[in-house]
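Please construct the entire structure, taking both the sequences and the accompanying hints into account.
In order, the protein sequences belong to chains P, Y, X and Z. When the count follows my numbering, it moves up by one through the first sequence with no breaks and lands on 405 for the last residue. When the count follows my numbering, it moves up by one through the second sequence with no breaks and lands on 405 for the last residue. When the count follows my numbering, it moves up by one through the third sequence with no breaks and lands on 405 for the last residue. When the count follows my numbering, it moves up by one through the fourth sequence with no breaks and lands on 405 for the last residue.
Hints in this document: simulated from the structure, not taken from any laboratory. Even for Gly, the Cβ is constructed at its ideal location relative to N, Cα and C. There's no promise every hint is true.
What the hints assert, rightly or not - Taking lysine to aspartate or glutamate pairs in the EDC-like style, the calculated list, with each CA pair at most 20 Å apart, reads: (1) P:K289 <-> Y:E136; (2) Z:K398 <-> P:E293; (3) P:K397 <-> Z:E293; (4) X:K398 <-> Y:E309; (5) P:K289 <-> Y:D138; (6) Z:K397 <-> P:E293.
As the list claims (entries may be wrong) - With beta-carbon atoms standing in for the labels, derived distance ranges: (7) Z:E11 <-> P:T72: 23 to 31 Å; (8) P:R33 <-> Y:N161: 22 to 30 Å; (9) Y:P190 <-> Z:N161: 41 to 49 Å; (10) P:A148 <-> Y:R393: 54 to 62 Å; (11) Y:A290 <-> X:R33: 53 to 61 Å; (12) Z:F287 <-> X:D202: 47 to 55 Å; (13) Y:A290 <-> X:E10: 22 to 30 Å; (14) P:G288 <-> Z:R186: 44 to 52 Å.
Protein chains: 4
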Amino acid sequence: MDFGYDAATEELRARLTAFMDECVYPAEAEFERQAAESGWRTPPMMADLRSEARARGLWNLFLPGEHGAGLTNLRYAPLAEIMGRSPRIAPAATNCAAPDTGNMELLAMFGTEAQRRDWLSPLLDGRIRSAFAMTEPDVASSDATNIATSVVRDGDEYVINGRKWYASGAMNPDCAIFIVMGRTSRDAPPHRRQSMILVPRDTPGLTVVRGMHVFGYTDGDHGGHAEVLFEDVRVPAAGLIGEEGGGFAIAQARLGPGRIHHCMRLIGMAERAIELMCARALSRTAFGKAVAEQGVVQDWIAESRVRVEQLRLLVLKTAWLMDTVGNRGAHTEIQAIKIATPATVEWILDKAIQVHGAGGVSQDFPLAGLWTAARALRLADGPDEVHKRSLARRELKKHTAKDDR
Amino acid sequence: MDFGYDAATEELRARLTAFMDECVYPAEAEFERQAAESGWRTPPMMADLRSEARARGLWNLFLPGEHGAGLTNLRYAPLAEIMGRSPRIAPAATNCAAPDTGNMELLAMFGTEAQRRDWLSPLLDGRIRSAFAMTEPDVASSDATNIATSVVRDGDEYVINGRKWYASGAMNPDCAIFIVMGRTSRDAPPHRRQSMILVPRDTPGLTVVRGMHVFGYTDGDHGGHAEVLFEDVRVPAAGLIGEEGGGFAIAQARLGPGRIHHCMRLIGMAERAIELMCARALSRTAFGKAVAEQGVVQDWIAESRVRVEQLRLLVLKTAWLMDTVGNRGAHTEIQAIKIATPATVEWILDKAIQVHGAGGVSQDFPLAGLWTAARALRLADGPDEVHKRSLARRELKKHTAKDDR
Amino acid sequence: MDFGYDAATEELRARLTAFMDECVYPAEAEFERQAAESGWRTPPMMADLRSEARARGLWNLFLPGEHGAGLTNLRYAPLAEIMGRSPRIAPAATNCAAPDTGNMELLAMFGTEAQRRDWLSPLLDGRIRSAFAMTEPDVASSDATNIATSVVRDGDEYVINGRKWYASGAMNPDCAIFIVMGRTSRDAPPHRRQSMILVPRDTPGLTVVRGMHVFGYTDGDHGGHAEVLFEDVRVPAAGLIGEEGGGFAIAQARLGPGRIHHCMRLIGMAERAIELMCARALSRTAFGKAVAEQGVVQDWIAESRVRVEQLRLLVLKTAWLMDTVGNRGAHTEIQAIKIATPATVEWILDKAIQVHGAGGVSQDFPLAGLWTAARALRLADGPDEVHKRSLARRELKKHTAKDDR
Amino acid sequence: MDFGYDAATEELRARLTAFMDECVYPAEAEFERQAAESGWRTPPMMADLRSEARARGLWNLFLPGEHGAGLTNLRYAPLAEIMGRSPRIAPAATNCAAPDTGNMELLAMFGTEAQRRDWLSPLLDGRIRSAFAMTEPDVASSDATNIATSVVRDGDEYVINGRKWYASGAMNPDCAIFIVMGRTSRDAPPHRRQSMILVPRDTPGLTVVRGMHVFGYTDGDHGGHAEVLFEDVRVPAAGLIGEEGGGFAIAQARLGPGRIHHCMRLIGMAERAIELMCARALSRTAFGKAVAEQGVVQDWIAESRVRVEQLRLLVLKTAWLMDTVGNRGAHTEIQAIKIATPATVEWILDKAIQVHGAGGVSQDFPLAGLWTAARALRLADGPDEVHKRSLARRELKKHTAKDDR
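Right, dumping it as structure tokens:
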């Protein structure tokens, strides 16, 4: 259980920090300006940022194995944390942004050679973007057995009908490919009824209906969150990922790393929030003393620090477990960080906002946007309550056979 | 201490509820559509809603005394609660929307005859809108002694220089008049240095710079929240409200009713949230049973109900006190509801959002917008911490002379 | 909905306050000394306090109707609050202490003439004490259908077998009578299987096994909380209260007033805690300033005040409802106050303890004992979770037939 | 940053666990019985438990260096956690109980050869017990500069006058020696005014006045918490520990390990609570299903697990830091665990109690006692608020020189 950062990790941290200091933080204000005018397109300055990151060897860091940078989860964790400090720019600039990351992992793990050639390569290369369509507006999608979009085999094709929403990234015109989770069977055991399939964006019958909001944000700069309608959408059967009925298992495999990446970045957001909170508290005076001297503000700062330290260690332990015993062996810990991190970081951001007064809810500080991201993650990839229920059941099972001591 | 609704109030409640059922709720979806396309203008359908409300005798209900409907606070409270159930439409439709309400009260109480003729009459008539400019981006404005915008007498005029932000309503082209809080003295006792002055929107030197956001929202439908620059803005001295140095006292007078109106509406928002939460929980199934059968969801519903009941009673008591012993006599209670209501209603809205899943943060339900309104009110009109500090000091004073029993 | 205190109530409040100031508070220290030496007996000084209270017309104030002082709930509420400020002395001194109060109400409402003569009269007169035995160690007793103590008719007698615990008051040698809830049928509908029956303490087969603790306290001064064993205990059938199978309904009837009395007293405890917290904070200095000047302590004081004000209003409304529409009509509100009051007052007491440092957990201040009483009430008379579940279900029912607006 | 348990630690964990399973858990019920009858004496069965532990090589494990078992903090942490599962027996049985542990560390680090011979040896050998007297009833002792007990040099002696309380262990007749913190100067810099001095229990003028309570508990089995009066108590100057004016620095040195030991044991208490909570929830049925199936209970279990995992990692990191960079280098982390652990474990215990119903507050389960221990630790060794204030100031200092990014 060694969580220390080894030399290679320290080198990457230094390199990434230099990129943040030299390229990312200075670009934030202009990025927001461009984003406000770019609609669903990536702000134009992102192209240069991506070139620069790539030139510095900061590219595809998230992806273990031969196709990416080959880092372990434990090595990637502190890098993702640093990226999370500027989450609208850094992950995209380094090709480490959701949902592309999860989609690339999925293709790297489960894709056929043709699928990898057609979709993984251009994604790794940053030439296209992708979307992941699982959640449906009409059912409680946290229970995957509720998924109602039908995917029906018809000769060499599958025919897809249904409605999805919150397909992140799909509003971006560069988004070329959707991975869609649908129901291929009504009769199989409940967790063998779903399959995942590749659907090129320009397939007839696929309509990107509108961009969904998150609180007032459209998240246009990273492609928004689309409602997508599938009406007799026909795709080649070769686009099926893995086997028919394997969708649930693949989703679980995809969500493990996805969840820990979110948590790593959230810790970076929390560190940013603490920095901003301290800086603001030190710079303002009210009722005769610096805001930093107010006891309640000090209480928030201390609690924030204490909570972040705990979260980081649990995330690192989870990464270490994923590396050593596999994602399945780290299942409880992945759930634990998914339960703890968004809620805790949301709390920290709330306090940072409060210290900023009206500025905290405005577009002049990143706090309101970061808050929204943290809040949304109490729902995305499964609401807290679903994870808690599952974790509690496993805990109870441990005690079923024990004596009451 | 009788909080019961008398017959006149019950009649108004019934009339207002009919207006909500017949005109407001059915208009919500279309209103959002129009708002999305109207920029900073009031959505066009609002004109008809206002006519209808006025025709039904639901107009200026907020204003006590001869100029308005003449209701006591205790009578207005349950009406404001009903309006709060659809807070983007109902208050505006009935000419009971902030910041016009506070500005009208202020003119009714402190305005000269000329000021009332020029600005109160058209506001009461709904022909113009208004803004209130107090908060400044460069100082902690919750401490009014920090206000730095200078208002300097020069012959028959005052010259104004400074920068304000979050001047709600000011982006609306119909906004014709600003009430500005500025510093008229550096030497007077700290709470006698500020004054309030009327500034017509088209005065040279006044620049409406941009609309500030609240989380991702611009609140364009009710005129947004403007950053406003004052550069050598010259206005007639006759535009001063009350006396020079009276700004702080007037602000206190203005904020009392403003705060209770916010709290009344928040209670309506909470009731709406509970309704939506129950309806959603009853309509969805996950993991084999209705969401309404999940123990955690039931816990949230029960807590929400218990908390709303307490809040409403404290708001009603506060209204009753304002009516019977005056705003100053109700000072502690006004602070108490300002501390308790936004935070509690924010909590309830968070739970309602969680029950709605992704829909909760979307534009398809009013919850994300209501949450934002509640959250912002933990800062607007003074952050919670300022009210708590003040209330605690008064509590401590009560015990200074007592024995320790 | 008039919660004001009428003249009669104000007169009683003044009289009771005088008794507190002149007799109760000054007696507290000596009472604790005597209690530490009295084991399960009432501290001897209580006899004088009871005489004094009775002489001052402060006796049986809790009991509505002909047998007691005849006060409404709304009139009794502020008196119970005052008593709650010194809850180990004042309720006992005025013959207003649980569980005798509930038992007297029950006998007044449901008792036969003989039962009232034999047990209600001496209780009203303060000549004996009583106990109420419902909770069982072997089942989750919050679900009354779990009650397993058997009460079997055999000719003119009932035979009782089973084990109870937390029969409050039963360790006191003056406790002469038990009201026992047991199961008289296995076949009747679930809520018609229980009955209540009178069991004189000296009945053969009844063993008072031991005193249960509440945290470290035995509560010996008011008779402790007994574990009681019933082995073939035979009592005359005339001791049945109400009809066979009526136990659940009677328990509900008994618990309504019992719960509101607890809540009224808890509010008095909270006021006492705020007083002590303020006094201590004003009297101590740490790190260069009075503890009362620490921001975090001010935050606690403000929150405490704001929460108590809300609680009191909800309790008063509940009392008013019980008086006007009956206990059944006030069912939701009774649950609401039972959910909100102990938890909130526990929070306030925790903060008052923290301000007192080590003194807060000691025997030198009443805070640790008050905290324990509040904490125990989150379990006694039904744990919070049971009340919340029930209240949520009723709330959901209101929305079952409504549209989703 | 390797927190893994090495082979030596695993061996000790196995040995200690065997001792717990074979000797400690089976002894708990009888220990409580004996404790109830032993007053301030150690329950007689403890002698055998201590012999057994010593024979098994489980003795003085807490003490690093030559005098004790020589374990690092990182190795001791998991052992202390195991002991914390039965905190009234296991630490005492292994001679690892506060306050002796802290006193032994202090003598090992700062004692003269004579002091070590006279007091450290018999303590290590378990022949005597000791007490630590720092807190005073008359001042806010969390601010050490408030300490008022005077220690005045008079020739070869020091003369001590003052009053202490919560001197844990001092009621035990085996307690032979006090370490007393007093004020030796009024003029030195504030943190150089205090000194520590050894005071044998039988010194004339030293009066053990009474045992203080902690929520009803006397903690008699481990010597209670004494109020101690010092009236012209004369001790040889050779009993001074370290140098005159060094008391504050020594206290800081003493409290570091003391705080982490408390936190380690608290984690064991939390694990015990989770075990009990699960076992109880699985064994009881209410309202038609197992309590373990109630959503709210599952939520508590999940939260408890998630929080404990985070706490343990932070405690292990702190231990590792103390071992590698010293207690001073781990100062922030020691404060962080002192802030987080008692409060979090208190929360977990509260939920375990709630699941147990009345049993949870009773003497039949260890939960109420464990809760009290956790609650008291939010005050002991410095209240949370003092640690938070200090931690926040250090955090703010980090940001003083930084840009606002």
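Query raised in the report: Taken at face value, is the distance from the CA of E136 (chain Y) to the CA of K289 (chain P) at most 20 Å?
Result: holds, 18 Å
**Report entry** Beta-carbon spacing of P190 (chain Y) to N161 (chain Z) - inside the hinted bounds 41 to 49 Å or not
**Finding:** Given range 41 to 49 Å: holds, Cβ gap about 48 Å.
Requested in this report: May I ask you to test the hint 53 to 61 Å on the CB atoms belonging to A290 (chain Y) and R33 (chain X)?
Outcome: The hinted range 53 to 61 Å holds for A290 (chain Y) and R33 (chain X), with Cβ atoms some 58 Å apart.
Query raised in the report: Regarding F287 (chain Z) and D202 (chain X), is the given constraint of 47 to 55 Å on their beta-carbon distance met?
Result: violated, 37 Å
Query raised in the report: Is it true that the C-beta distance of R33 (chain P) to N161 (chain Y) lies inside 22 to 30 Å, as the hint says?
Result: holds, 27 Å
Report task. Please work out if K398 (chain Z) and E293 (chain P) have their alpha carbons no farther apart than 20 Å. Result -> The hint holds at about 15 Å.
Requested in this report: Decide if the proposed pair is consistent with the structure: K289 (chain P) and D138 (chain Y), CA atoms, cutoff 20 Å inclusive.
Outcome: Between K289 (chain P) and D138 (chain Y) the Cα gap is close to 16 Å, so the pair holds against 20 Å.
Query raised in the report: Can the suggested window of 22 to 30 Å be confirmed for the beta-carbon pair A290 (chain Y) and E10 (chain X)?
Result: Hint violated: Cβ distance 50 Å, outside 22 to 30 Å.
**Report entry** Given pair status - E293 (chain Z), K397 (chain P), alpha carbons within 20 Å
**Finding:** OK: K397 (chain P) and E293 (chain Z) at ~12 Å, within 20 Å.
Query raised in the report: Keeping to a limit of 20 Å between CA atoms, is the pair of K398 (chain X) and E309 (chain Y) held or broken?
Result: At roughly 16 Å apart (the allowed maximum being 20 Å), E309 (chain Y) and K398 (chain X) satisfy the hint.
Query - K397 (chain Z) paired with E293 (chain P) [C-alpha distance capped at 20 Å] - result: holds, 12 Å
Requested in this report: Mind checking the hinted window 54 to 62 Å against the Cβ distance between A148 (chain P) and R393 (chain Y)?
Outcome: The hinted range 54 to 62 Å holds for A148 (chain P) and R393 (chain Y), with Cβ atoms some 58 Å apart.
Violated hints, listed in ascending order, are 12, 13 and 14; each of the other numbered hints is respected by the structure.
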